[in-house]
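K.L.:
Okay, here's what each chain looks like letter by letter:
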Amino acid sequence: GQSLEQPSEVTAVEGAIVQINCTYQTSGFYGLSWYQQHDGGAPTFLSYNALDGLEETGRFSSFLSRSDSYGYLLLQELQMKDSASYFCAVRSHPNSGYSTLTFGKGTMLLVSP
Amino acid sequence: DAGITQSPRYKITETGRQVTLMCHQTWSHSYMFWYRQDLGHGLRLIYYSAAADITDKGEVPDGYVVSRSKTENFPLTLESATRSQTSVYFCASSESLGGNQPQHFGDGTRLSIL
Numbered sequence: 145g146q147s148l149e150q151p152s153e154v155t156a157v158e159g160a161i162v163q164i165n166c167t168y169q170t171s172g173f174y175g176l177s178w179y180q181q182h183d184g185g186a187p188t189f190l191s192y193n194a195l196d197g198l199e200e201t202g203r204f205s206s207f208l209s210r211s212d213s214y215g216y217l218l219l220q221e222l223q224m225k226d227s228a229s230y231f232c233a234v235r236s237h238p239n240s241g242y243s244t245l246t247f248g249k250g251t252m253l254l255v256s257p
Numbered sequence: 034d035a036g037i038t039q040s041p042r043y044k045i046t047e048t049g050r051q052v053t054l055m056c057h058q059t060w061s062h063s064y065m066f067w068y069r070q071d072l073g074h075g076l077r078l079i080y081y082s083a084a085a086d087i088t089d090k091g092e093v094p095d096g097y098v099v100s101r102s103k104t105e106n107f108p109l110t111l112e113s114a115t116r117s118q119t120s121v122y123f124c125a126s127s128e129s130l131g132g133n134q135p136q137h138f139g140d141g142t143r144l145s146i147l
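For the record, the sequence lines run as chains F and U. For the first sequence, the positions run 145 to 257 when my numbering is used. For the second sequence, the positions run 34 to 147 when my numbering is used.
Treat the hints loosely; a few may be bogus.
[Said to hold, decoys possible] Pulled a few chain U residues facing chain F out of the computed Cβ check, cut under 10 Å:
| hint | residue |
| --- | --- |
| 1 | Thr-53 |
| 2 | Tyr-68 |
| 3 | His-74 |
| 4 | Ala-83 |
| 5 | Gln-134 |
To be clear, the hints were calculated from the coordinates, so they are not data collected in a lab. All residues carry an ideal CB built from backbone N, CA and C; glycine is no exception.
So here's chain U without its partners, still in its complex pose (with noise of 0.2 Å):
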């Protein structure tokens, strides 16, 4: 099904572990985006990607790693999980950042850490 969708749904971890959740779309977007999403703080840009091999950082970075080696996936790891990372994450694309393109969300990963 053409879309976007992202695994798992649900995580427990522990902290210090490491973790990857994973991000992929069907509709060939150039931009792609993680949030995450906390109580009280709406949604925070991780980092997004305009193309293949081409990240930068968002709003809170620290603590997360992107890579975006095909176009259609965009995956996020937590290289060392701790407990403030414990958040709803959301991915995102768009086909361009110009005017009314909307960005796209999949239904996102509850992330527990603990």
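Same shape as in the complex, but just chain F (with noise of 0.2 Å):
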């Protein structure tokens, strides 16, 4: 099956800088994407990566190691409108069909004046 893990809760104050990490198990991987969700909203897309390395979008960017299975999304400058949940997802074919994405718990990310 697939796993993903990561934080239930990360707490920050403005201006800081937080760094949420998704460790992932799956077959048939593709891709980690990260989706950011304020108060039960629509979730919305932050970011991808399929291959090792940094991408780097504004405030935010997203890390992925493919051979540790693990990835994380880096917000910087933190603002009180980074209050929100965040999820990684991985895009994974683990059988016959289409590739879909499997989400993790979702971290809820506190910013605090």
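Mind assembling these two chains? They're in different frames, but the hints should get you there.
P.N.:
What follows is the structure in structure tokens.
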């Protein structure tokens, strides 16, 4: 089966840097995605890593190590509006059919003043 | 307006009733998905569709039925609702499954089964 592990909650202060880790076990791995969800609303896409290394998009960066089955989301210059849940998701193709996303249980980020 | 919309936003029903959740997207995306979100479980895939008349099971399909007669619509039916199906249901669509194509989510349907 497939499984993803990420911390349930992370706290930080405004202006700080925070890293949310994700480890995964899956077969037929294609890539790792990150999604953000505010207050139970619609999840929104943040980033996707298919290859090892760091991808930067503004204040957010995402890292992948395929050999370690590990990735992280790095949020810099934290703002109050970054308080949300963050989900890692693996795109994999474990059996016949199409590749699909399997989501982790999410990490709630609380940013305080 | 372009986008993905779900209806109803909230629904309360009783066990044993049939209920259908609607999902409509205006992008003409090929792929559509249904997820349920429960505390402690994150988002779990129920069913997905690669095109009109092509559907496949996800991780938790039992008790659900889907259809896709038109590209833009992907309704989810609970044929005989049970309390364990109380959840928040999200529909999503994507242009393709490859590369960095994101899934675009609707605002969700909050379903309570009494």
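K.L.:
For each hint, tell me whether it holds in the structure or not.
P.N.:
Going down the list of hints, with the structure as the test:
Because the beta carbon of Thr-53 of chain U sits about 20 Å from the nearest beta carbon in chain F, more than 10 Å, this interface hint is broken. Residue-level restraint check for Tyr-68 of chain U holds (minimum Cβ-Cβ distance to chain F is 8 Å; threshold 10 Å). This hint holds: His-74 of chain U has a C-beta 6 Å from the nearest C-beta of chain F, less than the 10 Å allowed. For Ala-83 of chain U, the interface hint holds, since its Cβ comes within 10 Å of a Cβ in chain F; the closest pair sits about 6 Å apart.
Checking Gln-134 of chain U against chain F by beta carbon gives a least distance of about 8 Å; that is within 10 Å, so the hint holds.
When held up to the earlier numbered hints, the structure conflicts with hint 1 and nothing else.
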